[in-house]
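Enquirer: Letter by letter, the chains look like this.
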Amino acid sequence: MSSSAEEIEKVIGQKYKDGFVTDIEVETFEPGLNEEIIARLSAIKGEPEFMLEYRLQAFRHWQTMKEPNWAQLKIDPIDYYSISYYSAPKKDSDKPQSLDEIDPELLETYKKLGIPLDEQERLAGVAVDAVFDSVSVATTFKGKLKDAGVIFCPISEALQEYPELVKQYLGTVVSEKDNFFATLNAAVFTDGSFVYIPKGVRCPMELSTYFRINAANTGQFERTLIIADEGSHVSYLEGCTAPMRDENQLHAAVVELVLMDNAEIKYSTVQNWYPGDENGVGGIYNFVTKRAECRGANSKVSWTQVETGSAITWKYPSCVLLGDNSVGEFYSVAVTNNCQQADTGTKMIHIGKNTRSTIISKGISAGRSQNTYRGLVKVAKSAEGARNYTQCDSLLVGDKCAAHTFPYVEVKQPSAQIEHEATTSKISEDQLFFCQQRGISPEDAVSMIVNGFCKSVFKELPMEFAVEAQALLGLSLEGYVG
Amino acid sequence: MTNQYSAAYAKLENSLAGSSLAWLNDIRAQAKEQFIEQGFPSLRDEEWRYSNLAVLDKKSFAPVLASELGHIDVADLEAYKLNDCWTMVLVDGHYSAGLSDLQGIPDSVTISSLAEALTDKPDTIKRYLGQATNIKEPGFSAFNQAWFTGGVFVHVAAKAILDKPLQILHLVTGAEVLANTHHLIVLEASAEASIIETFLGCEEQYATVSVTEVFVEKNAGLNLYKTQLESDKAVHLGGVYVKQARDSRFNHHNFSFGAVLARTDVHTDLGQAAECDLNGLYLGVKRQHIDNHTRINHVEPYAISKELYKGVLNDKSRGVFQGRVLVAEQAQKTDSDMHNHNLLLSDNAEADTKPQLEIYADDVKCAHGITVGQLDNQAIFALQARGIDEVSAKNMLTFAFANEMVNKIKFKPLHDQILMQVLNRFPQAGIDQAWL
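Chains as they are written, first to last, in my numbering: chain F, 6 to 487; chain U, 10 to 445.
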């Protein structure tokens, strides 16, 4: 490819399009972390007593833990005690009741991101629980969901209105002692989404949350809890963009999914946080713990993710397949460019009989980035007839990037069928030549090939996300992909 | 309590190979210090996460002096000696000239005990010893380097060809014996050789630690076979560490059948356009734990690596495969292919497999594939439909699965020996050996 050097230059020169800072006054805690801060946080949120206990217990345990260092990541040391653990938009006391009451500057933020809130109700059947920094400021379509019996609200609200329900499930999938980042999250999480789909209900629309990180030097700790009761179905969409900042920002989210008999959850993510500039300055540190527990028989969980942002991504959406015949799926496209580092993959824990899982992972590395797939397929002795198929492909764009594949397979059940395949290659000269020979320009040819490479994942995304994902892929590799 | 070994070896201090050489004592001391500091690896070490070596600290395995060797059943040993081979025999880690047969070795080839080589040509040994191993890494290299009692030195001059294979037989004669050997194999430019390492022992609990350093110079080619037939109570730690110069070829065949706890490391660094082909077959029965660890380092461009490991796991056995392919930034045009297939025959068997690709270059073709599964019911049915009973059908299919690896052996006497071992380990009641 004659023009590849220039193309890569263009890729490296690509600026982050969503970068901007919104000037609004925020009430922010002074940097620091101690039991008093946590108590204050809990008090501001008006949380029930058990939550404070839960947080303090997590915090005490967290202080005894060490950061994990096994990932293929180079991370500058993070001072967890110099981060501010709470920031909320002004006018917190009188929460806006409708879109009109929302700070116009805030609306402007969303407009720049191409998702104007005031048009969201008109968007095809999507209810949006938008999170600006740490406090949810708008929830739409609530009424319609309520009619169906679906609870979809900020988790802080759920803690006040449905404390028993939250107490029953919170921390049962990802315990407060699970890992360093999940424990930190348990201690200091500020908000997130709570979804409860009652028995036999098919959620009438796709649920969606947009996350933002705005105020400088504030961490963001999201907590999401989704419970799909017997025979219910829900599709949940999560998309993220963050304004441009020079300081590294820490993000440690926890997502817990609970599935009862015959329930199905489809969880889709498009992650486009600020990845830092071409020299690796700035960017979001993204440490996420996502886990789904298929407690009931015949339940199905599907994780789909498109990861293009963040300076560091440390994320392993997992499926614990407890119920017989339950199904876990993981579809991922991870794109890294410049100095981005991603160590991402999944865990499939087969415990129930005839459980099945599929893993499709596509990694694209460009610039000087590091892109690692790390996955575990574990089959317990009880998982008769378990089935797994794994495919991990990596595409290398540029000669300074790296792609790694670290799968772990542990099988204790002879009737299990496990297959794993991985390939790493660059865009084939033959394919490029073939396209060019038919009059397709090199840029279009690369675009076709990369999109084709990711197609098996994109087709799993809900329609509007698929469009956004393709756009993001183009943006992340612009110049190269055309 | 890793220091039990430094105490045990104190009495052997003066009888270790090359104990009069200051430089050797220096590198032994370094290794000893390293070992005392880090001990044997634990499950916390990423490359050892599936294999627990606690038994080495709990049991008191101890080295023996060359004068204290146990009873050697010569007839039994003869049964394992291959026809058409030169033979070197090591008993409890000490070279036995009486049992070895090196008649008619050509002048261009040196085959001797390491102790002898350390006396005759210490400078040559100094140039190579410890160059392919890394004592800092969690493993058994430090332990081995600190206290190896003896070993074999093979040197094949440039353009020379060793026309018969060399068989290195390791024999352990007593309970709680610790045999610790270090071999050095050097093939100069364009040389060719085939070497077979065979590990045997009495029906007792003992431990073998063996490190083989291999240097394959420009355009040279080495076939290295390892037949691990230790007693079913033994602990076996064997490592092959290879440095390949440009255009060199290294074929390794690893047959891991014995020992209650066996670990084999095969690590190779590939020079420009070098090729390596790593093959392995592990058969686990009873409570055997068989760990295979390979690392292929693509350091220079144009190199090719192929790897295929197969495991058959029965009873309560556990098979581990860890394969790592590392492609350095300048190793463009690398072609790498790795496969691991496991057959689980019992409810209590376990397979853990961890292939890894770590790639820093862009113009490469790398792939790996692994499977874990059971016999294909349709294939069993197809055989049953032709009048073969179920047990025989299963045996046939299992045997066919393993036989692919046996058929890769080019040297007939070894092929036949391995074939018998495979058949013995999985009694093939229904198989008429005539059609094999």
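If you're looking for bench data, these hints aren't it; they were derived computationally from the structure. Built from N, CA and C at the ideal position, the CB exists for glycine as well. Where hints are given, some of them may not hold.
What the hints assert, rightly or not - Simulated crosslink set (DSS-like; lysine-lysine; CA at most 25 Å straight-line): (1) F:431 / U:374; (2) F:358 / U:20; (3) U:173 / U:419.
As the list claims (entries may be wrong) - Calculated Cβ distances over 10 Å to all of chain F for the following chain U residues: (4) 24; (5) 46; (6) 51; (7) 57; (8) 71; (9) 80; (10) 118; (11) 130; (12) 131; (13) 212; (14) 358; (15) 361; (16) 375.
Enquirer: Among the hints numbered above, which are violated by the structure, and what are their numbers in rising order?
Expert: Violated hints: 2, 14, 15, 16; rest satisfied.
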